[in-house]
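Novice: Spelled out, the chains give:
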Amino acid sequence: MPAILCHALSKTYGHGFWRLQRKVALANFSLAVARGEVFGIVGPNGAGKSTALKILMGLVRPTSGSAQILTMPASDPACHAHLGYLPENPSLYKKLTISEHLHFAGQLAQMPSKVIRSRTAELLALVDLSLAAHIPIQRFSKGMTQRAALAYALFTDPEILILDEPMSGLDPLGRQLVLEIIRHCHNQGKTILFCSHILTDVERICSRIGIMHQGKLVAQTTPAELAQQLPASAPASSATPLERLFLATVQKGVVPAGEQGEGHAL
Amino acid sequence: MLFKLWQVALFTYRESLRQRIVYGVLICAALLILFSLMFSGWFMRDILKIILDLCLAAVSLGGLLVPFFVAINLVAGDIDQKTIFTILSRPVGRGLYIVGKFCGLALLACTIIGILTLATLAALWGAALIFDPFFLRNLSINAILVAIAMKALATLVLIAVAMLWSTVTTSTFLATLLTLCSYIIGQSVESVVRFLVLQQNQLDYSPLLRLVAEASLYVFPNLAAFNFQHQAAHGLAIAPGEVLFALVYGLSYTAGLLILAVLLFSRRDLS
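Chain order of the listed sequences is A and B.
The numbering of the first sequence is the numbering used here, which starts it at 1 and goes up by one.
The numbering of the second sequence is the numbering used here, which starts it at 1 and goes up by one.
Bound conformation, chain B alone:
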């Protein structure tokens, strides 16, 4: 079972590496990191913050490429173009197909984020050579690595979201649209709920609205839970409890989405 899972993941990974868009985004992200060194000199007091903001934005960009372009293209496109028969005509069940594809895409995301992490560390090394150490006094490699690891986890959650929509919809466009909506809601849902809780005395809104907002915190992926960019940029300490919560939340949410995707996909006719 695990051997077959690994073979499907490897096959997916090999195919995804041949997508030109992967290299396009990698080049864009690498340029962004390079520019971070050039632009940061303009903001003498915030050199570290500018470098890290740009580098972590590049990591996010590289990570987002996988669910939005590669995952949907590979899973919804697989069903659309009937390439899925290539795998399902072998002794591979639908559950194995979904989990194998997810693992292959997760491998791709880790490769891209790994390369961009090395580029970020290279940019920081370059900054240490160019600028006075005073401007980099808040640098915390641990905080940066934690922030990047959490971005990788958020990417895995989004890949699972993209896979879920790809297995239930009949077109790649619809799958992309639904994944994009989930991403936008996931980015802002925590802020909205926090606002509603803080303003409950000032604003007159129905309890139902608050209930819906709080429920959406559990239904949609709360991507803000994985955002440690602020701590990394300012060299602030990251509470281990927060990281643990994000880790458990991210992994269980991803597992839940994959189980749902497998259940729905097992019932689908591939005609």
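So that you can see chain A by itself, here it is in the shape it has in the complex:
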């Protein structure tokens, strides 16, 4: 049984003053992420990546279709006990410190106080925020907030991580740190689903990659396949294999042979 399963998800938003105009964010989106897999979703802005992740977090209700986390409906808050979520441009409570946030996460998970204290120290060291433990979040830089939110997502040692643009707002050092953390979590056997615009990072750490376009998962591949299989229509440039595949898929609407339909077949 996959750790994350989306079946024929659709989401249509109403917009305009009376919300009568419709905008399709997701159209028949299906996805299965196996346990222990690192699945990266890439796609242009507005492709529906964040909407898909928000449906999995129960923050947005799908118009149709279903989403499951460890066989539980994604809308059930109980499944969040097994989840860590890092939203895009995370926003923590500005007047509180990261220690207070982590303490709150620990208390909700009913962890003993001693464990909360040791886990706080461990995670703050991991994200390089030990010296900022008691500083209010409002004094954090964007990169520090991003790392603090990652520590908050990891606090209860969840089986599944859902990360929305985990590298956004980070300097090269911070990006390297987050990549290392994702690799470390993968080695621990965690399931990771994330979306990113930084294709090189996705290529480096994912065991499987999906390309989203216009609310659909239009292609799926693996880093190994990427190295071997490139569509003939891919533009010749100095771009990496994933960049070339991405451009061929999204710009020209070409779905490479052999990868076509994998996203739909789920």
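For the record, the hints were derived by calculation from the structure and aren't laboratory data.
Do not take every clue at face value.
Facing chain B, a subset of chain A residues (Cβ under 7 Å, in silico) [said to hold, decoys possible]:
#1 A78
#2 P87
#3 S91
#4 Y93
#5 L96
The beta carbon of each residue, even a glycine, is placed where N, CA and C say it ideally should be.
Model the placement of chain B on the given structure of chain A, informed by the hints.
Specialist: Just chain B now, with coordinates in the frame of chain A:
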């Protein structure tokens, strides 16, 4: 469930205590209470009334701070700035979030009103030292405490109103505006209905208008039901039935608003 509710309430309470405006209003209210001692000497026959009017106004001011500034900032702001994901990404349902936030804000309101009650009692003690006991002969601590408790209940109703508007609107400004409108209507709705009933023989108005006015008495929070300031200021006896009615009305109205807020919020997309 209750443990998680308590954790969300405590987290909200801790955050709300860090809002600078809380201390600003507390200082203003404390000054008002201090001035009540200074000004009351100018009105020799009404010393007690002046002190209590100013002190209870300070309590109201402190209480109103919570729904208008803190509650809307914490709930509508939470949705606006997406800090809500911090709580909802944990095993916390939306209903638990709403009720937990309400409990945290209620704790803040009780803390503020508790501090201002102590300040009021200190002002009365100061007045007893300064002025002749004759001027304080109508003093009834029980009536004062009942009046303050009812102000606290009115604050809880307003917090629930602010939470309802915060969960259905998309901006903090709109939530503030709607809460303010509800407050203004709630303050005057009983007087308007009473006027219409008393003047029905003299004034020629349609039965529909009276029906609308009477319906609004149930739709909007009738804040006049919680006003026992007059009895407290004059040391008049407060009928237990009136207090019981206000208590049942306030708690059931608050529960109704919270249920509505939870129902509406559960359907909302947090995109």
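Novice: Which hint numbers doesn't this structure obey?
Specialist: none
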